[in-house]
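These protein sequence lines map, in sequence, to chains A and B. So the number in the numbering used here is just where the residue sits in the first sequence, counting from 1, plus 45. So the number in the numbering used here is just where the residue sits in the second sequence, counting from 1, plus 45.
A few of these clues could be false.
No copy labels: a pair is met if it fits in one copy or bridges any two.
What the hints assert, rightly or not - Straight-line alpha carbon distances no greater than 35 Å define the calculated DSBU-like cross-link-like pairs of lysine-lysine that follow: (1) Lys244 x Lys103; (2) Lys103 x Lys327; (3) Lys184 x Lys103; (4) Lys528 x Lys181; (5) Lys181 x Lys327; (6) Lys244 x Lys528; (7) Lys184 x Lys244; (8) Lys327 x Lys528; (9) Lys103 x Lys181.
Just so you know, these hints were derived from the structure itself, not from any lab.
Listed below are the residues making up each chain.
There are 2 protein chains.
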Amino acid sequence: MTAGAGDSYVRLVERFRRLAHFRDAEAILYWDRAVMMPPGAGEARAAQLAALDRVRHKILAGEETGALIEAAGAGDELGPWEAANLREMRHAWRHATAIDEALSAALVTAGARCEMVWREARANCDFETVRAEFAKLLKLVREAALAKAAALGLDPYDALLDAHDPGLDRAAIDPLFAELSDFLPPLLERVLARQTAEKGIPTPGGPIPAERQRALGLRIMDVMGIDSAWARLDTSAHPFCGGTPEDIRITTRFDERDFASGLFAVVHEAGHALYERGLPEKWRDQPVGAACGTSVHESQSLLMEMMVGRSRAFAQFAAPLFREVLGVAGPAWEADALYGAFTRIEAGLVRVEADEVSYPLHVILRYQLEAAMVAGTLEAADLPGAWNEGMERLLGRVPSHDGEGCLQDIHWYQGAFGYFPAYAIGAALAAQFFAAAIRADPEIEPAIGRGDLTRLSAWLADNVRAKASFATPRELVIAATGKPLDATDLRRHLEARYLEGAT
Amino acid sequence: MTAGAGDSYVRLVERFRRLAHFRDAEAILYWDRAVMMPPGAGEARAAQLAALDRVRHKILAGEETGALIEAAGAGDELGPWEAANLREMRHAWRHATAIDEALSAALVTAGARCEMVWREARANCDFETVRAEFAKLLKLVREAALAKAAALGLDPYDALLDAHDPGLDRAAIDPLFAELSDFLPPLLERVLARQTAEKGIPTPGGPIPAERQRALGLRIMDVMGIDSAWARLDTSAHPFCGGTPEDIRITTRFDERDFASGLFAVVHEAGHALYERGLPEKWRDQPVGAACGTSVHESQSLLMEMMVGRSRAFAQFAAPLFREVLGVAGPAWEADALYGAFTRIEAGLVRVEADEVSYPLHVILRYQLEAAMVAGTLEAADLPGAWNEGMERLLGRVPSHDGEGCLQDIHWYQGAFGYFPAYAIGAALAAQFFAAAIRADPEIEPAIGRGDLTRLSAWLADNVRAKASFATPRELVIAATGKPLDATDLRRHLEARYLEGAT
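One chain only, chain A, in its complex shape (with noise of 0.2 Å):
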């Protein structure tokens, strides 16, 4: 190693430590202003955010930065985890320099302004509201798109999806998403009827006090090894997992009327938190000690929501358990009739109220859409129609109005375009990996049927976990499943357990 590469790469790594403290500083403020925060303080929690956002974004994107990672060269000389997180380094530090600080600050202010109408617009239920705030937002998405797309040398939405995704491209998406949108609205129907012809199967039903299912979401984040010593439960209007490694903070909300959504948020988020938690302590502080993109740590909260708590496996385990802690009996609290009620498919026209069948169908759509959106061959005032459309397609379902429409979700009215995909292809790995699992320990079925996830996740721990970014996502999925991300697995899942009622 020659002396200037060892030593700038020394000095990255102090910069990133500093980084990292002030990401999770804002971390911890984040989840604070979810959780805790009076309302009257959000104006000022804001500029806190804004000033540390400042400094990070000052960190990473100052001129000393890109000079030491020039300095440091290829990392040829590093050891393997130096060099891949001097690639993480470039790659943080070439999106982060990507878009000039006038378009960058433009965008922050669209995107808040845009946010403000698209709440009145959504009260409303009418795109129109908002229709003139998000052209003017979605222009500034696509100038940014483009000079992302020049400087790293891409396709301007596949520049978009490589900052969540290192790697990940419209090429690896469009054959994954042809092949889910050519099986899943068959079998969707197939289940309909299905579920239509099995009538009568009780439903679990309540009031259950919020106090006794929190306490049932903390027995099952025991149960999935999460510990107090380190974890948090707690209520917030959106489930979310926030914090850091070291202090995980798990949110969900609790229905009276719907003790399963507070739960499955709960064990969601969880697996989130194990993906957190099990990253490598040795390089905790640095990017290459960071999760493997978006739609890996995706397919670890869908693993552990689809594959294990909504199989009849985990229900065997859990229906004792339910009763026990909830203070509830009956048959609706028998194993058979909640893993009826767990898998139960509506096919309705929200994306964050889909089963697991419907869910990748509304991603298909909103990924199609924000493609062509940022291609410039759908304009904003388009939306709406093309939404319709494309629902009616996809889902043989029409909206009624804007607000169950195009206008559902916040992400576009914030200006974040090229995130949407990832919760496709984290359904899909979350399948991938599990069938991965379980064909190296197939121990792994008949232990969560005992409420036992220490095979599971020892598995999940050598082959995701404890690997972060050491690889990128594709060559992470590859060498833990044998394969490139497929929706193979995903198919046989849902026709296993819709179809042929297996697990």
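Fit chain B to the known structure of chain A by using the hints.
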């Protein structure tokens, strides 16, 4: 106004605004650490706070800040609030730059290490455990005091006082504390004798569930004018008031056998909260908009706790509320019995449990000892002996071990010197402000008896809260009460309450 001076001032305002955002973010992270954070996250949180603190120090103590302050001149051509703001900026900058970075870092390290050993020593009740570490820390504290003295042109101990209370010095403290040590010991003796003769008053007992106590705390906060739109109540090991003016975080702890302890912690911290909340919004992020030093801050909490909360008038108003919210009844819950319990004198060995008659004596002992330690006339090794001798002289009691003696407070073992006097000055000022308030508006006291604190709040808002740091603490006290700080009003208050049973 010359363009250069005005320009520099405007840039300073921007700089201190950024600084305030960091300080506010840190305030929430400190609150979170004490109230929410899982135990395993201590080290990570310390790293986050250190990173933020480093940025803040860099902004404040950076060369550019000094140059801007110099260029802004004496502020003669600024408006009066702007000039006061510049004065406060200079004060903050001078303190931040008075100690060089190496000494500052050595103090932080030695303080953290000594605090750790202190925890062990306190558990052992043996000063010897911490003696060596404390001697090292004390040496650094003396160096820092000398460096500050040289930079600020003050006596070394006065330089430490000046950081918390601009302009406060021993020349102001000594006569006050002399008067207090003169009249308090005989007063204490008379009150204890009187109490012994008054046996048989029923005392409110328990257990009272924490949830009910919390409900009472929230009701009392409401009575005091504290709104859940900008404030929270939570629990922590040591009560405090944290957060920011738009995001107040009050904490207390609930003892099921002693509801008064948790309640008066709320009332005390609510006094701090009302001060913070009442600071002028226009100057929100500027030094002149901050509280007028530690002593005045403590006066606002003690005024609410001692003058209002433990008064006969308040007990009369609150007794039915207590019975309703706590679900209690009986003779111990009548106003007179409650008042008796709230004004019971113990004269114990521990400061944080002390009543208002003996409290200032605890503080005076600490003041005498810390001034001697900074001056070099008292060595670390001689602290336990000097402590026990002082306790006997001032309170007539000797600790049976160092745990209830010189190890009871954390301050010195963290390297905090010059902070203690504010506790007793605050007590004197609380009485002085309250006396001025009821002179100005004789309806204040009858209103308190009806649970109406708005008249008192109006006087405090005009004379203390809205003034922020426009004047120095000494000027503020004279303007509000017509005289400099003295012990007359505290003496009158204590004699009236404890000898005449009048208030």
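Results for each hint:
no. : hint            : verdict
1   : Lys244 x Lys103 : neither (60 Å within a copy, 68 Å between copies)
2   : Lys103 x Lys327 : both (25 Å within a copy, 29 Å between copies)
3   : Lys184 x Lys103 : within (26 Å within a copy, 38 Å between copies)
4   : Lys528 x Lys181 : neither (42 Å within a copy, 62 Å between copies)
5   : Lys181 x Lys327 : between (44 Å within a copy, 33 Å between copies)
6   : Lys244 x Lys528 : neither (40 Å within a copy, 84 Å between copies)
7   : Lys184 x Lys244 : neither (50 Å within a copy, 81 Å between copies)
8   : Lys327 x Lys528 : within (28 Å within a copy, 62 Å between copies)
9   : Lys103 x Lys181 : within (27 Å within a copy, 38 Å between copies)
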